[in-house]
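Working from the sequences, and respecting the hints, build out all of it.
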Amino acid sequence: MLLGKSLVEISKLIEKKDISNKEVIDYFLKRIDKYDKKLNAYLTVNRYYKSDNFYKMILPIAVKDNFCTQGIKTTASSKVLKNFIPPYESTVTKRLIDASFFILGKTNMDAWAHGSSTETSDFGPTKNPWDLLCSAGGSSGGSAAVVSSYLAPAAIGSETAGSIRQPAAWSGVIGLKPTYGRVSRYGLIAMASSFDCPGPLTLTTEDTAFILKIIAGKDKFDATTTPNEVPDYVASLKKKKQFIIGVTDEYLNGVDEEINKSFYQLVKILEKLGHQIKKIKLLSPKYSISVYTIIQRAEVSSNLARYDGIRYGNNRTFFGSEAKRRIMLGTYVLSYGYYDAYYKKAQKVRTLIIEDFKKVFKEVDIILAPTTPIAALKLGEFDKYPFFGEIMDVLNEPAAIAGICAISFPFGLTKKGNLPIGLQLMGRWFEEENILNLTYQIEKETDFLGVIKKGVKKYPD
Amino acid sequence: MNDDYKPVIGLEIHIELKTSSKMFCQCSSSYFAKPPNTQVCPVCLGMPGALPVPNKKAIEWTILIGKSLNCRINSFSKFDRKHYFYPDLPKGYQISQYDDPIAVDGWLEIANKESIINQSTKKIFRIRRVHLEEDTGKLIHSQNGTLIDFNRSGVPLVEIVTEPDFDNSEDVKKFLEELQVLIRYLDVSDADMEKGTMRMEPNISIISQKSKVKEQKLPNYKVEVKNINSFRFVKQAIDYEIKRQIEILKEGKAPIQETRGFDEKKGITYSQRKKEEAADYRYFPEPDIPPLVFSQGYVNSIKLPELPLAKIKKYISLGIRFEEAFILTRNKNLADYFENISSKFKIKIPNLNLKIENVDQIIANYIVNKKIDSNLPVNEFINKLIENLKPKEVDKKLLEEIIIKVLKNNQKAVLDYKKGKLNAIMFLVGQVMKEMKGKVEAKIVKEEVEKKLKNIN
Chain A
12 MLLGKSLVEI SKLIEKKDIS NKEVIDYFLK RIDKYDKKLN AYLTVNRYYK
62 SDNFYKMILP IAVKDNFCTQ GIKTTASSKV LKNFIPPYES TVTKRLIDAS
112 FFILGKTNMD AWAHGSSTET SDFGPTKNPW DLLCSAGGSS GGSAAVVSSY
162 LAPAAIGSET AGSIRQPAAW SGVIGLKPTY GRVSRYGLIA MASSFDCPGP
212 LTLTTEDTAF ILKIIAGKDK FDATTTPNEV PDYVASLKKK KQFIIGVTDE
262 YLNGVDEEIN KSFYQLVKIL EKLGHQIKKI KLLSPKYSIS VYTIIQRAEV
312 SSNLARYDGI RYGNNRTFFG SEAKRRIMLG TYVLSYGYYD AYYKKAQKVR
362 TLIIEDFKKV FKEVDIILAP TTPIAALKLG EFDKYPFFGE IMDVLNEPAA
412 IAGICAISFP FGLTKKGNLP IGLQLMGRWF EEENILNLTY QIEKETDFLG
462 VIKKGVKKYP D
Chain B
306 MNDDYKPVIG LEIHIELKTS SKMFCQCSSS YFAKPPNTQV CPVCLGMPGA
356 LPVPNKKAIE WTILIGKSLN CRINSFSKFD RKHYFYPDLP KGYQISQYDD
406 PIAVDGWLEI ANKESIINQS TKKIFRIRRV HLEEDTGKLI HSQNGTLIDF
456 NRSGVPLVEI VTEPDFDNSE DVKKFLEELQ VLIRYLDVSD ADMEKGTMRM
506 EPNISIISQK SKVKEQKLPN YKVEVKNINS FRFVKQAIDY EIKRQIEILK
556 EGKAPIQETR GFDEKKGITY SQRKKEEAAD YRYFPEPDIP PLVFSQGYVN
606 SIKLPELPLA KIKKYISLGI RFEEAFILTR NKNLADYFEN ISSKFKIKIP
656 NLNLKIENVD QIIANYIVNK KIDSNLPVNE FINKLIENLK PKEVDKKLLE
706 EIIIKVLKNN QKAVLDYKKG KLNAIMFLVG QVMKEMKGKV EAKIVKEEVE
756 KKLKNIN
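From first to last, the protein sequence lines stand for chains A and B. Residues in the first sequence are numbered from 12 upward in steps of one, following the numbering used here. Residues in the second sequence are numbered from 306 upward in steps of one, following the numbering used here.
Hints in this document: simulated from the structure, not taken from any laboratory. Given the structure is predicted, the values throughout are model-derived calculations rather than measurements. C-beta: ideal position from N, C-alpha, C; glycine also. Take these hints with a grain of salt, some might be off.
Cβ pair distances, simulated, as ranges [said to hold, decoys possible]:
#	chain 1	residue 1	chain 2	residue 2	range
1	A	I96	B	S606	39 to 49 Å
2	B	T343	A	E456	32 to 42 Å
3	A	L263	B	T343	55 to 65 Å
Chain A stretches covered by chain B per the calculated footprint, using a threshold of three residues with CB under 8 Å from any CB of chain B [as the list claims (entries may be wrong)]:
#	region
4	92-101
5	250-263
6	346-358
Spelled out as structure tokens, the structure:
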């Protein structure tokens, strides 16, 4: 009865008293018991659900393990924080709890969000629900996998550059990276502070809009959040808006043929829906790799300085090799005499990339591109590339650097491996409404070619 | 001091602001004498995921300090992360300001008598920068090990850096005293050296004049002295350092760049950290806090009170002597008290039938020399003042009796006077005053004694 139901659908069932909160939560706990050993998507399952008020609305959600949850262990998948139980609640989880959500559990991720496969997790990788030999993607791989296999109806992830969109693409779900500053980072264990964005991973566009409305908005605990009003993202889905959509070869070079095929298939559908497709010129995403790598490593080396062995029990020897590499590189680019050559220069190029997007967004409303150059890779591939994450996220980095909003959704499967293909829409700063609106139109027109439903059905009750 | 060697001294001064909350969180910033780790939250403990939100009041007060030091307020400023490891620094970095401090290029004039009268002898010391940062926690060393108290962690701290304009410890001491008075006028900090709400580190080096090079550059080393907690010790530490460094130079050696501590019991400095161990702080802009942009209108809206030096000048123009003016202006409450009395008293004068000149000097004198308790409410002080200034009612009969008695008992003085030793009268006046127990003015006594003496043949 519940299998594959969206959050909004579940809430209607509870409202109509067709099902109780307890039944809903027990249902997911049962599924977790049945399938999570195989997938390794949860690090902590929260079994302490109590409700005296039987029909008070309570909706389950999974949360990436880098959001501080008061009283629930939060490790960021690192042994350094193996036993850390936060004394405070992150703003995102607080807003969810205040809106009657129940945190089902904390999901696996790359340690400190360093990676694109969850293979840097100190607690083992998360398997791709579509193919257990493949990676679910990362760093929010656990969050993507629990939604894809329906071990939670929705999940919260976080993205620095691709960490929501890439696992969403690989695991065949919807993933939204909001505009930087749209959603509070307070309580999100920092990876690279000037990029980090919390966002939802869901089965439907409506659920994404529903969750975003709850978690977005100015937070007095995060000085980088903006006071911009939070629109009713759910209500505005239904307006049939027409957009000018930009496409560029720069985002198709080197991309798998099957993915590009899906891309052109969607272009045709968008034209059929009455949208205008326009060729644009954007800076090559390859520049973004350098800029992103330098600034992100610098911020990482600074953000991880607090885990100095004095608090939290485990000292620096508990850092995995990826974290160590990033700390060293970040320390280097900030060192006296190298700062100007690396960090400062990277900031200048970052400004150029922002300007580039500003220019393009004068011509078009939305940019369409593939989310990843290839579909999910086999676990173990990570070891072959020192900058694996950066390469897998090449198409995600420009939006992250510019801080614009972007959404990835599944669009077809590869013939080779029967794995989900992800495409993405990038929108102007604080125009989540537009990219959600277009995603909703695509969903209504194509049902994302049935990918999400096929995924859920692989995990029957 | 040896003329061949000239000390070059610059100062770094830290002022802890007394804002009600900390620099980047809502915790109370008053940590003094509070039980350890009771004024803390995820932000000032540097917990995973916690973020700093800057305190607007602290920024405003830093601008105020900058303005009081005649600085230029940068229209663009930002916070930076300064990285170093220390157990009392929970984030592994301190949020500070690096290349865009709030205020730059100012100066402070030290009040002294000569300069007020003669502008050319003005003592001015340049301020390089004023920036805002957060304080650290405190280590408490005990027999059972070292404990950390984070109550002080995140308390707003203003750092003031001077140019190396000082060449002696006395000027440094006077500068610090002037700065302390100034900060207290602004009411932004207790600026108490002993409590640590004002801390200072002098940088000391010596230029050897022997080289006879015309344009003397700054020496290529400097010695920073830490842990000084009184003005007296500042002077001691600097004097000790100057002597120590000159001795090294005299031996033909070069002092090394280092950080030294001050041992107040022995009155000496000792080496703490050498240059080779100097940290690379890896500064970069704090990504958690958007840059600060100050409009001219905002900066203008932050108003300075009348500052001590301006007050001294004003008081002197009112006819008050420098000495009294200086003492009155050392404490804003006292200056306010004086001004309050002065204005209220002046309104009353026309109805008092008093002949007084230079009212302000008289009031100043009464306050400074504690002739009337300045803890009294203003009105009570004025009442006492009026009482003191009123001509005293003289018991003429008693006075005459006493004069006759005194003249009778001091025949020799009377005789001397008659012989032309006019000064002898003062002795007689003194004797009468003594007998009258001060209930009469000396001027009146003198007149009466003269009259009586004339009548004696």
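Each hint tested on the structure:
no. : hint                        : result
1   : A/I96 x B/S606: 39 to 49 Å  : 46 Å, holds
2   : B/T343 x A/E456: 32 to 42 Å : 60 Å, violated
3   : A/L263 x B/T343: 55 to 65 Å : 59 Å, holds
4   : 92-101                      : holds (count 6)
5   : 250-263                     : violated (count 0)
6   : 346-358                     : holds (count 4)
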